[in-house]
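J.: Sequence:
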Amino acid sequence: MNFLKERKRKKQLSEMKARRRAEDDLLSPALRLQFDSIITELANAPADHLDAALLKARKDCESLPLPRRGRMYALLDLIIVVGVVAFGLRGLFFQPFRIPTGSMQPTLFGVHHQQFPGNANPGFGKIPGFLHNLIYGCTSAELKNGNVPLSVFNLEKVSGRIFDGTLLTGDSGRYLLPGNERQVLDYSKLSSKSDFAPGETISEGVVSLGDHLFVERVSMYLKPPARGDIIVFNTEGLQVDGIPVATSGGYYYIKRLAALPGDTVKIKDDQLYVRPAGAKEFSRIQDIAGAFAKVYSGKGGYHGHLNGMGSLLFAYGGEYTVPEDHYLMLGDNSKFSMDSRYFGAVPRKNLIGRAWFVFYPFSRRVGWVDRQEPLDEATGEAGAATFPVMSYQ
Numbered sequence: 054m055n056f057l058k059e060r061k062r063k064k065q066l067s068e069m070k071a072r073r074r075a076e077d078d079l080l081s082p083a084l085r086l087q088f089d090s091i092i093t094e095l096a097n098a099p100a101d102h103l104d105a106a107l108l109k110a111r112k113d114c115e116s117l118p119l120p121r122r123g124r125m126y127a128l129l130d131l132i133i134v135v136g137v138v139a140f141g142l143r144g145l146f147f148q149p150f151r152i153p154t155g156s157m158q159p160t161l162f163g164v165h166h167q168q169f170p171g172n173a174n175p176g177f178g179k180i181p182g183f184l185h186n187l188i189y190g191c192t193s194a195e196l197k198n199g200n201v202p203l204s205v206f207n208l209e210k211v212s213g214r215i216f217d218g219t220l221l222t223g224d225s226g227r228y229l230l231p232g233n234e235r236q237v238l239d240y241s242k243l244s245s246k247s248d249f250a251p252g253e254t255i256s257e258g259v260v261s262l263g264d265h266l267f268v269e270r271v272s273m274y275l276k277p278p279a280r281g282d283i284i285v286f287n288t289e290g291l292q293v294d295g296i297p298v299a300t301s302g303g304y305y306y307i308k309r310l311a312a313l314p315g316d317t318v319k320i321k322d323d324q325l326y327v328r329p330a331g332a333k334e335f336s337r338i339q340d341i342a343g344a345f346a347k348v349y350s351g352k353g354g355y356h357g358h359l360n361g362m363g364s365l366l367f368a369y370g371g372e373y374t375v376p377e378d379h380y381l382m383l384g385d386n387s388k389f390s391m392d393s394r395y396f397g398a399v400p401r402k403n404l405i406g407r408a409w410f411v412f413y414p415f416s417r418r419v420g421w422v423d424r425q426e427p428l429d430e431a432t433g434e435a436g437a438a439t440f441p442v443m444s445y446q
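Residues 54 to 446, numbered by the working numbering, are exactly what the sequence shown covers, in order.
Hint data in this document are derived by calculation from the structure and do not stem from the laboratory.
For glycine and all other residues, C-beta sits at the position ideal for the given N, C-alpha and C.
Some clues are possibly wrong.
What the hints assert, rightly or not - Taking lysine-lysine and the PhoX-like style, the derived pairs with C-alpha atoms no more than 25 Å apart in a straight line are: (1) Lys63 x Lys109; (2) Lys246 x Lys276; (3) Lys347 x Lys321; (4) Lys63 x Lys112.
As the list claims (entries may be wrong) - Beta-carbon label-pair distances, calculated as ranges: (5) Pro153 x Gly420: 15 to 23 Å; (6) Ser244 x Val211: 29 to 37 Å; (7) Pro153 x Lys70: 25 to 33 Å; (8) Lys246 x Val271: 51 to 59 Å; (9) Asp323 x Gly420: 25 to 33 Å.
Work out the full structure: start from the sequences and follow the hints.
T.: Written out as structure tokens, the structure is:
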């Protein structure tokens with residue numbers, strides 16, 4: 054019996070001490086002393102009077118004028134705890150990321166123009182406008198000239214919360230199109246002409262927000278990075294012609310890992326060759342890393358790795374050995390990618406995590422990153438900012 058009573062004493066003391074700690078910031082000095090006195094009295098009560106001591110301690114605690122926390126307080130407390138856990142998971146495991154540019158198209162899209170006719174996304178252009186914009190994350194790029202001839206003579210950048218825009222100022226009016234000047238010139242007729250008759254179409258289609266995805270940060274510490282992995286990294290310490298990439302291009306980049314520490318690489322005739330550490334001969338990258346097969350398919354916007362671009366000699370046919378603890382990172386959209394051809398290999402400490410899951414907008418790319426095969430359509434020649442076939446994805 055004494056054993057059971059002692060267990061009751063320990064349990065009640067534990068509950069009282071927990072309540073005392075939880076209320077500490079809300080108690081006055083006098084109340085703290087009263088609470089401590091009740092706990093001490095129960096702890097020192099003799100075994101033969103333990104039943105009475107347990108009952109007295111409970112009543113004394115209930116009589117204390119402790120602050121009462123309502124349901125709203127408890128709910129807010131729960132929300133804060135859940136929020137802290139969620140942000141902790143975000144920081145340690147999964148980090149959301151938005152693709153800002155087209156350097157990884159057509160695997161992952163940044164802000165880009167899309168057409169309605171023949172689009173590869175189911176339902177694209179076939180549902181009400183507000184739903185269309187919500188589901189596909191896009192805004193209209195439709196623009197027709199007014200009732201008088203228009204001669205465009207000025208393009209001006211306009212910054213927005215979601216989209217950047219380009220303001221067209223002409224002798225007969227002002228018009229706003231989504232996207233920066235290079236993108237607008239690529240998808241509209243402004244690159245081919247400057248005079249438009251009344252009612253003439255200047256631009257069609259929509260401009261879509263970049264793909265939103267989760268970056269998975271754990272496996273980088275369990276499994277070393279591999280050729281073909283799509284990885285987000287920061288640009289701290291990287292430079293192009295003495296200018297920090299973080300200043301000129303952005304702090305976070307996303308590219309495909311093309312070569313490992315100790316690999317020797319060269320790009321010749323728009324083909325990346327790799328000689329792995331210890332190997333005697335160079336091999337085509339698609340022959341030693343299957344993820345690059347579609348990059349060299351010549352379909353759907355894929356066009357291999359272009360030589361003659363960048364500042365490092367390996368992009369011009371010279372050989373380059375990737376330093377220890379560094380990785381060569383190249384964009385799938387080689388024609389329009391600022392990558393290791395310009396700023397060199399990326400240190401291991403800069404790697405953030407592997408691109409994992411696209412969750413918005415609801416395009417054909419939603420789901421596991423890099424799962425889609427290219428569209429069965431020839432890549433063709435590049436426009437001013439992308440390849441025309443990419444506007445159908």
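J.: Could you run down the list of hints and mark each one as holding or not?
T.: Okay, the hints, checked on the actual structure:
Note on lysine 63 and lysine 109: the hinted pairing holds, with a Cα-Cα distance of about 15 Å set against a maximum of 25 Å. For the hint linking lysine 246 to lysine 276, the alpha-carbon distance of about 53 Å lies beyond 25 Å, and the restraint is violated. For the hint pairing lysine 347 with lysine 321, the CA-to-CA distance comes to about 18 Å; that is within 25 Å, so the pair holds. With a CA separation close to 17 Å, the supplied pair lysine 63 and lysine 112 stays within the 25 Å bound.
The beta-carbon spacing between proline 153 and glycine 420, approximately 21 Å, falls within the hinted interval of 15 to 23 Å. Checked against the hint of 29 to 37 Å, the pair serine 244 and valine 211 fails, with Cβ atoms roughly 19 Å apart. Distance hint for proline 153 and lysine 70: a CB-CB separation of about 53 Å, inconsistent with the stated range 25 to 33 Å. The supplied range of 51 to 59 Å is met by lysine 246 and valine 271, whose beta-carbon atoms lie about 53 Å from each other.
A hinted range of 25 to 33 Å for the beta carbons of aspartate 323 and glycine 420 is consistent with their spacing of about 30 Å.
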